[in-house]
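Asks: Here is how the chains run, residue by residue.
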Amino acid sequence: MTMPMESPITFSNVGKIRWWQRGIFASQTGYVLLALAVLLVIMHFASPYFFTEGNMQNVAKNFSFIAIATLGVTFVIITGGIDLSVGSMMCFSAMITSMVMTELSAPGSPAGALFVHMAADGKTVLANVPGLILLVSIVAGLGVALVVGLVNGFCIAVLGLSPFVTTLGMLSIVRGLGYVVSNGRGSFPGGPDADYFYAATSGDVLGVPVPFIYLVILALAMAVVLHHTSFGRHVFALGGNEKAAELTGIPVVRVKIEVYVICALAAGLQGIIISGWLGSAPANMATSYELNVIAAAVIGGANLAGGIGGPLGAIVGCVLLEVIRNGLVLAQVSSYWQQTLVGVIIILAVLVDRIRSRMT
Amino acid sequence: MAKTDATPVLELTGIGKEFGAIRALHDVEMQVFPGEVVGLMGDNGAGKSTLVKIIAGNFRPTHGEIRFAGSTVHFNRPVDARAVGIEVVYQDLALSDNLTAAANVFLGRELKRKFGPIALLDHKAMAARALELFGELRSETRPDDLVKQMSGGQRQAVAIARTRLSNARLVMMDEPTAAISVRQVEQVLGLIHRLKEQGVAVMLISHRMPDVFAVCDRVIVMRRGEKRADKPIHETSPEEVTALITGAKEAA
Chain A
17 MTMPMESPIT FSNVGKIRWW QRGIFASQTG YVLLALAVLL VIMHFASPYF FTEGNMQNVA
77 KNFSFIAIAT LGVTFVIITG GIDLSVGSMM CFSAMITSMV MTELSAPGSP AGALFVHMAA
137 DGKTVLANVP GLILLVSIVA GLGVALVVGL VNGFCIAVLG LSPFVTTLGM LSIVRGLGYV
197 VSNGRGSFPG GPDADYFYAA TSGDVLGVPV PFIYLVILAL AMAVVLHHTS FGRHVFALGG
257 NEKAAELTGI PVVRVKIEVY VICALAAGLQ GIIISGWLGS APANMATSYE LNVIAAAVIG
317 GANLAGGIGG PLGAIVGCVL LEVIRNGLVL AQVSSYWQQT LVGVIIILAV LVDRIRSRMT
Chain B
33 MAKTDATPVL ELTGIGKEFG AIRALHDVEM QVFPGEVVGL MGDNGAGKST LVKIIAGNFR
93 PTHGEIRFAG STVHFNRPVD ARAVGIEVVY QDLALSDNLT AAANVFLGRE LKRKFGPIAL
153 LDHKAMAARA LELFGELRSE TRPDDLVKQM SGGQRQAVAI ARTRLSNARL VMMDEPTAAI
213 SVRQVEQVLG LIHRLKEQGV AVMLISHRMP DVFAVCDRVI VMRRGEKRAD KPIHETSPEE
273 VTALITGAKE AA
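So the protein sequences, as listed, match chains A and B.
Residues 17 to 376, numbered by the working numbering, are exactly what the first sequence covers, in order.
Residues 33 to 284, numbered by the working numbering, are exactly what the second sequence covers, in order.
In case anyone wonders, no lab produced these hints; they're calculated from the structure.
One thing to keep in mind: the hints can contain errors.
Derived EDC-like pairs (lysine to aspartate or glutamate); straight-line CA-CA distance at most 16 Å [as the list claims (entries may be wrong)]:
1. A:Lys259 x B:Asp129
2. A:Lys77 x A:Asp220
3. A:Lys259 x B:Asp124
4. B:Lys85 x B:Glu50
5. B:Lys281 x B:Glu271
6. B:Lys85 x A:Glu262
From just these sequences and the hints, can you work out the full model?
Replies: Written out as structure tokens, the structure is:
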């Protein structure tokens, strides 16, 4: 490719779009990021506790608890779909993970014999291979998420059902299955690997909460996938014009199934992390979290009509929600106001974007 | 213009298509040779779009056979038609508004660079190639601009640039000159000439008589699902074609 970039065309009628009129500067994500920065400054002056190390750690941890699932749902939203089953998925994966962990750690059981043995004192249970139980149980938790994602994707992409109805049904199915397998009692991570489990889900590395580290890694990976792989390009194309995507030969069915699988896996991982922080996976865990997750994605600039969204927006949305919640607590406002305010912000964020796109 | 000794790039024999009780196409025979520009004309409902969709792999014909470059082909999906070298520029252009011009040109066949096991998009190469194609089309289109912000002519250029990427042997254009400026009509017709010079067969589906007579070697007129005329352009006239389209003249 010897062709220099300023080659054959002279642009006499078509002006160049200014840097501040394109990319992030012209996106809802940019505006919300600005609003977030303003909010942080206000919070700093409103409460001396806001920018303390402890509070910052708290904020980072809390928003990480929905942000990973938000990354997943953002994929789905970019294709023009929606996934309402993320809340139930979080609970179900967490539950399966801790149940498998407990099961494999019981020395008497047939499965347990492969993984644990009794110590010489006859009371302490020891792992045959440290960490193996943890690995197997997390794989099991993510495995059920994979299956749910495949079913969602199959119903939507192959059978052509509406994403809203399919995942609304899945919300109920998965929550119901959670109650069935647990008998409504909830489950607790147990056995010799439980300490590893807590360290891997709610520990710190050099003062940084582990969930936050996972979030940063996954967000970076998502940015690369969305903008620098053909899969990411096809995800955007699908949201922009599904018919065009089909005509240009993009494997529409496969891409759709893949985004629902990614979303379910992200929700499953999120659920496992939350259960580590809670110390258990109750059967009503993460109820209605799907609304927070979708709200965060939309506030951050993902367009429910499809074609627009990204990891930065997902995180900014989550941070904004968490800073507001945290701010209301520090300001000693009743936490019941939080939900009302979140609703107002969703509408405001979309409204600002609408006004902006009318102006240009 | 049609060289009878050459193998036709596209040959249709006895093509028919029924949608339930409706007969959309009946016994259509047609040959298109390399480097030939064929105008496909007809009123709305004459069966032009159905024929194009059959050739492009959107529909399967109920009867008949399609031969491409001498061998029989069966298209189940548009991708199959593309694989053998048939490209279509759709009337609604089939572009993704939220992507850049370059991304649209390369949609579904992105250029990639390998980094070990991972293949990442080669944005630079795609932008450079897209700019080159827009240059050929003499369209003032920046590869990095979003299609959302483009004029009708620019969108057309993006859609046509897409067909130039692969070495298509037959390009079908559905009303390419319907929604663009006079200056850009000239450019599109110029492009058709350039495709022709490179031995690409072009099928132009158009309502605009002057465009058909400006670039086509041959004109085919459809009416009520049947081929009513298939004539070299210099043996016919706009008046005769109009009469054939409206049915004032039954066949020629």
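Asks: Take the hints in turn and mark each one as holding or not.
Replies: Tested hints:
no.: 1; hint: A:Lys259 x B:Asp129; in the structure: 12 Å, holds
no.: 2; hint: A:Lys77 x A:Asp220; in the structure: 10 Å, holds
no.: 3; hint: A:Lys259 x B:Asp124; in the structure: 10 Å, holds
no.: 4; hint: B:Lys85 x B:Glu50; in the structure: 13 Å, holds
no.: 5; hint: B:Lys281 x B:Glu271; in the structure: 10 Å, holds
no.: 6; hint: B:Lys85 x A:Glu262; in the structure: 14 Å, holds
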